[in-house]
Amino acid sequence: MADPHDEKRPEGDDGKRSVTEDLASRIARAKSELPVAKPEPAARGNGIQGANRAYRLASEFVAAIIVGAGLGYGIDLLFGTRPWAMVILLLLGFCAGVLNIVRATAEMNAETSVPPGTPAVPDEDDDDK
Amino acid sequence: MSEKPIEPIHQFQIHDIIPLGNVGGAHIAFTNSALLMVLTVLVVSAVLLIPTGAQRLVPTRGQLIAEQLFTFVSDMVNSTAGHDAMKFFPLVFTLFTFILVSNWLGMLPYSFTVASHLVVTACLAVLVFLTVVIYGFARNGLKFFKLFVPSGIPWFIIWLVVPIEIISFLSRPVSHSLRLWGNMLAGHIVLKVFGGMVVGLASVGALGAIAAILPLGMAVALTGLEVLVGGLQAFVFAVLTCVYLHDAIHPGH
Chain A
348 MADPHDEKRP
358 EGDDGKRSVT
368 EDLASRIARA
378 KSELPVAKPE
388 PAARGNGIQG
398 ANRAYRLASE
408 FVAAIIVGAG
418 LGYGIDLLFG
428 TRPWAMVILL
438 LLGFCAGVLN
448 IVRATAEMNA
458 ETSVPPGTPA
468 VPDEDDDDK
Chain B
299 MSEKPIEPIH
309 QFQIHDIIPL
319 GNVGGAHIAF
329 TNSALLMVLT
339 VLVVSAVLLI
349 PTGAQRLVPT
359 RGQLIAEQLF
369 TFVSDMVNST
379 AGHDAMKFFP
389 LVFTLFTFIL
399 VSNWLGMLPY
409 SFTVASHLVV
419 TACLAVLVFL
429 TVVIYGFARN
439 GLKFFKLFVP
449 SGIPWFIIWL
459 VVPIEIISFL
469 SRPVSHSLRL
479 WGNMLAGHIV
489 LKVFGGMVVG
499 LASVGALGAI
509 AAILPLGMAV
519 ALTGLEVLVG
529 GLQAFVFAVL
539 TCVYLHDAIH
549 PGH
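Protein chains in written order, with our numbering: chain A, 348 to 476; chain B, 299 to 551.
I should point out that these hints are in silico values taken from the structure, not numbers from a laboratory. All figures in this text were calculated on a predicted structure; none of them were measured in a lab. Glycine included, every Cβ here is placed at the ideal spot set by N, Cα and C. Misleading hints may appear alongside valid ones.
Unchecked claim - Part of the chain B face toward chain A, derived, beta carbon under 10 Å: (1) V447; (2) S449; (3) H474; (4) L476; (5) V488.
What the hints assert, rightly or not - Below, computed lysine to any residue pairings styled on SDA-like, alpha-carbon distance capped at 25 Å: (6) B:K441 / A:G397; (7) B:K444 / A:S372; (8) B:K490 / B:G480; (9) B:K490 / B:P317; (10) B:K490 / A:G397.
Claimed, not checked - Footprint (simulated), chain B over chain A, 3 or more residues, beta carbon under 8 Å: (11) 407–418; (12) 437–451.
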């Protein structure tokens, strides 16, 4: 864990310079390599991001319906109003599911806020996936 | 085919390691799930405590990991839930590291994925839900009900909106737990199905062994994906915890 360079760094001017110069040149090299290497991981990240969004939206929608139906069933059991509470609350559950999806989408849009000045036209990145 | 059928579900079986007897008709035992939870806590503690024991200005690798993890979660809490939510930082940090490490430990062979059981994820989600409800009422009192009554709605729609909002609020722990559980369960089943295909095809003969290369490649790729999904789901769980905490602190949209 303890790097041998670690202890050497403070003492001796040459040692310090050579270490920092080495680091600077490595950073410069890494920066020059970066634009070439960048597009691929970004594209792959988009796919997983997309799957994650799909999971999120699906679970938000389904969860609201389950809760609506469950609440309705419980009220029916308590008050003996057999089908009615469940029917009504199931429908309300659908509404809540849509509301959940709208909220989640708004959140996602806020996360990936568009920089000001971009034209309101879908770019190539959106068409790919 | 091998003599023992390959079951993709077998990996999720819970078995006792140390039975502790029955308490009030319920069977209590130290199970493989509990073992993995304890291991997760030990790993998290070791990763965080050992390298940060001797704090150095120029951090070692271990210390850097711990510091980065800390800043990552604290930035997340700060930006998503607001500065007032920083008192919940320990909760969010614990949830994040626990889910992350347990998911990754579950990727080891012969291991067990804790989050592949709905009981576990539901407990975590209910913990967050109760924290939000109790703290929301303690901090805001009856104003917490503003959460269900969006402002600027005409009176004739409000009786329809309030039940929808209540259902939407109650659906949070459900979707919160379903997502983590579903992701881990589905991912591991798919992984085992492809692994089973490799074994099944390879046992058929030479031609089968060649054909087994395809599912093997899929299994390798899916293993990488599962590691990523494990991290991503831990992140999503923590972010949603922050979003819900934000609602507890600032009810009313």
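Query raised in the report: Between K444 (chain B) and S372 (chain A), does the CA-CA distance stay at or below 25 Å?
Result: 57 Å, violated
Query raised in the report: Is the hint on L476 (chain B) kept, meaning its closest Cβ partner in chain A is under 10 Å away?
Result: For L476 (chain B), the interface hint holds, since the closest Cβ of chain A sits about 5 Å away, which is under 10 Å.
Query raised in the report: Are V488 (chain B) and chain A close enough, Cβ to Cβ, to be under 10 Å, as the hint says?
Result: 13 Å, violated
Query raised in the report: Taking the least C-beta to C-beta distance, is V447 (chain B) closer than 10 Å to chain A?
Result: 14 Å, violated
**Report entry** Distance restraint between K490 (chain B) and P317 (chain B), which requires alpha-carbon spacing of 25 Å or less
**Finding:** 29 Å, violated
Query raised in the report: Are the Cα atoms of K441 (chain B) and G397 (chain A) separated by 25 Å or less?
Result: Answer violated: K441 (chain B) to G397 (chain A) is near 37 Å, above 25 Å.
Query raised in the report: Within 25 Å, alpha carbon to alpha carbon, are K490 (chain B) and G397 (chain A)?
Result: It holds: about 24 Å lies between the C-alpha atoms, which stays within 25 Å.
Query raised in the report: If you take the shortest Cβ to Cβ gap from S449 (chain B) to chain A, is it below 10 Å?
Result: 16 Å, violated
Query raised in the report: Within the assertion that chain B covers the segment 437–451 of chain A, do at least three residues meet a Cβ-to-Cβ distance smaller than 8 Å?
Result: holds (count 8)
**Report entry** Outcome, coverage of the segment 407–418 of chain A by chain B - at least 3 residues whose beta-carbon is closer than 8 Å to one in that chain
**Finding:** Holds, because 8 residues of the segment 407–418 of chain A bring their Cβ atoms closer than 8 Å to Cβ atoms of chain B.
Query raised in the report: Any CB of chain A closer than 10 Å to the CB of H474 (chain B)?
Result: 8 Å, holds
Report task. For the pair supplied as a hint, K490 (chain B) and G480 (chain B), confirm whether the alpha-carbon distance does not exceed 25 Å. Result -> With a Cα-Cα distance of about 15 Å, the restraint between K490 (chain B) and G480 (chain B) holds, given a limit of 25 Å.
Checked against the numbered hints listed earlier, the structure breaks hints 1, 2, 5, 6, 7 and 9; every other hint is satisfied.
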